[in-house]
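Colleague: Sequence:
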Amino acid sequence: MTALPKTLAAPARRALDRAGLTTLEKLAKLSEPDVAALHGMGPNAMSALKDAMKKHDLKFVQPSS
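Under full-length UniProt numbering, think of the first position of the sequence shown as 1, with each following residue one higher.
Everything labelled a hint here was simulated from the structure, so no lab data went into it.
Computed from a predicted structure; not experimentally measured.
Don't take every hint at face value.
What the hints assert, rightly or not - Label pairs and their in silico Cβ distance ranges:
#1 S64 x K6: 17 to 27 Å
#2 D51 x P11: 16 to 26 Å
#3 P11 x P33: 16 to 26 Å
#4 S47 x R14: 13 to 23 Å
#5 S64 x K26: 29 to 39 Å
#6 M46 x G20: 15 to 25 Å
Note that beta-carbon positions come from the ideal geometry of N, C-alpha and C, so glycine has one too.
Given only the sequences and the hints, what does the whole structure look like? Please build it.
Modeller: And the structure:
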């Protein structure tokens with residue numbers, strides 16, 4: 001399991017922790033809009049998460065319509 005980036009700001013880290021999203025693999029089971037909607041997630045945090053996921057060949061699932 002791959003840890004979240006250490007560069008995430010505290011509000012984003014708390015939001016992910018509250019949601020039980022403690023690894024990049026867990027994030028990859030959700031859609032980007034779902035993660036972005038968490039209270040405390042901003043554009044910088046989302047960018048850092050996407051960059052980290054890309055480095056580990058992971059990506060968010062496509063949102064269901």
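Colleague: Now tell me if each hint is right for this structure.
Modeller: Checked hints:
no.	hint	verdict
1	S64 x K6: 17 to 27 Å	violated, 32 Å
2	D51 x P11: 16 to 26 Å	holds, 18 Å
3	P11 x P33: 16 to 26 Å	holds, 18 Å
4	S47 x R14: 13 to 23 Å	holds, 18 Å
5	S64 x K26: 29 to 39 Å	violated, 18 Å
6	M46 x G20: 15 to 25 Å	holds, 18 Å
Consistency note: the structure conflicts with the earlier hints numbered 1, 5.
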